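A.B. asks: Can you make the complete structure from the sequences, with help from the hints?
Residue numbers (my numbering), protein chains in the order written: chain A, 415 to 621; chain B, 257 to 627.
Hint data in this document are derived by calculation from the structure and do not stem from the laboratory.
Being a predicted model, the structure only gives us computed values, none of them experimental.
Don't take each hint at face value.
Some chain B residues flagged as far from chain A (calculated, every beta-carbon gap over 10 Å) [said to hold, decoys possible]:
(1) R264
(2) L274
(3) G308
(4) V320
(5) Y323
(6) W332
(7) S432
(8) L436
(9) E540
(10) D574
(11) V605
(12) G609
Derived BS3-like pairs: lysine-lysine, alpha-carbon spacing no greater than 30 Å straight-line [what the hints assert, rightly or not]:
(13) K614/A to K599/A
(14) K547/B to K471/B
(15) K438/B to K524/A
(16) K447/A to K438/B
So the derived list for chain B, only partly shown, Cβ under 8 Å to chain A, looks like this [stated by the list, open to error]:
(17) H409
(18) S412
(19) Q413
(20) P414
(21) T416
(22) A417
(23) V419
(24) T420
(25) A424
(26) W428
(27) T442
(28) D449
Idealized CB from N, CA, C, for every residue including glycine.
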Amino acid sequence: MSDPRPTVFVVDDDASVREAVSNLLESVGFDAKTFASTEGFRNAPRPDSPSCLVLDIKLPGANGLDFQEALARAGISIPIIFITAHGDVPMTSRAMKAGAVEFLMKPFQKEDLLAAIHHALERDRVGRRQDAELAVLQARFDVLTSRECEVMDLVVDGLTNKEVADKLVISEVTTKMHRGQVMRKMMALSLADLVRMSDKLKNRDRR
Amino acid sequence: MVQDLIRRYTLSAAFVSLAFVCTLFLQRFFPYPFLFLFFAAVMASAWFGGTGAGIFAVLVSTLVVAYFFVPPYRSWAITPTALSYFAAFVVCALVVSWVSSARRKTEEALREARDQLEIKVSERTAALMRTQTELARLSRVLSMGELTASIAHEISQPLTAVVTHGQACLEWLSGSPPNLEKVHQTTESIVRDGTRAGAVIDRVRALFRKEAPVKDWTDLNGVILELTVFLRNEANVRHVSIRTQLLPALPHVMADRVQLQQVVMNLILNGMDAMSGTGQDERELVVRSQKESGDQVLIAVEDSGAGIAPEAAEKIFDPFFTTKPHGIGVGLSISRSIVESHRGRLWAVPRPGGGTVFQFTLPVGAQESHV
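C.D. replies: What follows is the structure, encoded as structure tokens:
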């Protein structure tokens, strides 16, 4: 792994469990940060490295499942692994539908917890990579002129230069010039590459 | 029916005859015929024989009076002066008959209402008792369920910590060189969390143990009979018949009645549970009491259930060991601690022909104990 050391956040109101989970994570080389409450986690700084959250369902004040939704509403995306002493099917299905990585019953096995953490970190890593790529694409897209944006939209929809020229009521030569500028500014290697970039930008908007 | 009718009218005739004889006798002392005894005869006839007998008495009395006591005597004729006197007699007799029979009817209606009320009350009482038994069972099941959830949570926290620390410990040991300082710290945590789990169990056991047993001379046969009545409905629901084989004049023991009730009830309910899984039609639970040598009494509860697997036989008395899907595993453990606190012994043996016999002994002279 070339990226910085991953962080595992642990939120459990039981001090013994907190300490034990942190000890186990440390023993296999993770950086663990523990919190007794969800507020503690919310107020803590989040490093710019892959991370995931091990969250107890039964917490004083906020319920873990509600907290999962609150994080999603606040636009904080962090993969969550739930741990609970007595879970049931409705709880599990609610957690998994809301995008939890895993739902573990206490006492859990080391293999299950570590597998879930690896899975969660991988998911976060992919998410981060996609976010970074998007940020780059967005920066390139932002320097396009409005006419260039129009040309790009039509070109990725599969229109020929002539069709684009007719649609925008400009000459074919001007269209070719705009198209060349779009390809250069977006650093697209081919038309297919440009279509992919456009898709990613549109998907981001939908998210 | 006909006999009853004859009896009533004969009685009525007897009353009138008695009045006639007495009046005939009294006539010597009074200037006028003393007719009031006929009213008494009518009243008695109406009371004991009903309306028909009352009217019959009025009729007979009227004839008798007309013939014997209204001038001219010993003749059916009536002088005009005596007519109003005679008419007054007839009217009075009719009224007396009517009042008496009406009164009688009211009394009978009242008595019937009271009897019906009694039947209703006893029916209601039986229904209430059934409801109460059901409630007792429900509350037992409910509180067990809640208790299980809370105990599960209380114990699973430190247990999770112990397991997780243990796994971390293995990781620290497997490094080269092993991180002994971490191993040391982790092991200390394991000891601490394990102790915490133990403390939870101690608290639960204290919860089930009565603090100060109240000991008195107790008739165990009485305890058993009470419980078989109390659990009859439960037994019916589960298609189990409870049979008792009690030694008459079983020596009384010095014991806490409520605690022993709990033990016997536990054993009976366990026996029913053991038989619920078997498909047999004949589910019989036998509760025996007998005297043992060395001044001991023995109570045994026999079921014809599946029996106990040999590997479970050692553990059934351990706290939180259970073979039931929804059991909590404290019944036998508590029962044993109660019996032992009475200086007795509780154990299980396989029943010849299938099933299990749970039995306990108590010393007849049991006086002192320490819980």
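A.B. asks: Each hint: holds or not?
C.D. replies: So, going through the hints one by one against the coordinates:
1. R264: 77 Å, holds
2. L274: The assertion about L274/B holds, with a minimum of 89 Å to chain A.
3. G308: Holds, because the least Cβ-Cβ distance between G308/B and chain A comes to about 78 Å, which exceeds 10 Å.
4. V320: 94 Å, holds
5. Y323: At about 100 Å from chain A, Y323/B clears the 10 Å cut-off, so the statement holds.
6. W332: Answer for W332/B: holds, closest chain A Cβ roughly 102 Å.
7. S432: 14 Å, holds
8. L436: Correct as stated: the minimum Cβ-Cβ distance to chain A is 13 Å, above 10 Å.
9. E540: At about 39 Å from chain A, E540/B clears the 10 Å cut-off, so the statement holds.
10. D574: 20 Å, holds
11. V605: 37 Å, holds
12. G609: 42 Å, holds
13. K614/A to K599/A: Roughly 16 Å between the alpha carbons, so the hint for K614/A and K599/A holds.
14. K547/B to K471/B: 21 Å, holds
15. K438/B to K524/A: This hinted pair holds, its Cα atoms lying about 17 Å apart.
16. K447/A to K438/B: This hinted pair holds, its Cα atoms lying about 18 Å apart.
17. H409: 5 Å, holds
18. S412: At 4 Å from the nearest chain A Cβ, S412/B passes the 8 Å test, so the hint holds.
19. Q413: Q413/B check passes; min Cβ-Cβ to chain A is 5 Å, inside 8 Å.
20. P414: 6 Å, holds
21. T416: Hint holds; T416/B Cβ to chain A Cβ min 4 Å, cut 8 Å.
22. A417: Hint on A417/B: holds, closest Cβ of chain A at ~4 Å, below 8 Å.
23. V419: Holds - the Cβ of V419/B comes within 8 Å of chain A, reaching about 4 Å at its closest.
24. T420: 4 Å, holds
25. A424: 4 Å, holds
26. W428: Hint holds; W428/B Cβ to chain A Cβ min 5 Å, cut 8 Å.
27. T442: Holds, about 6 Å.
28. D449: 5 Å, holds
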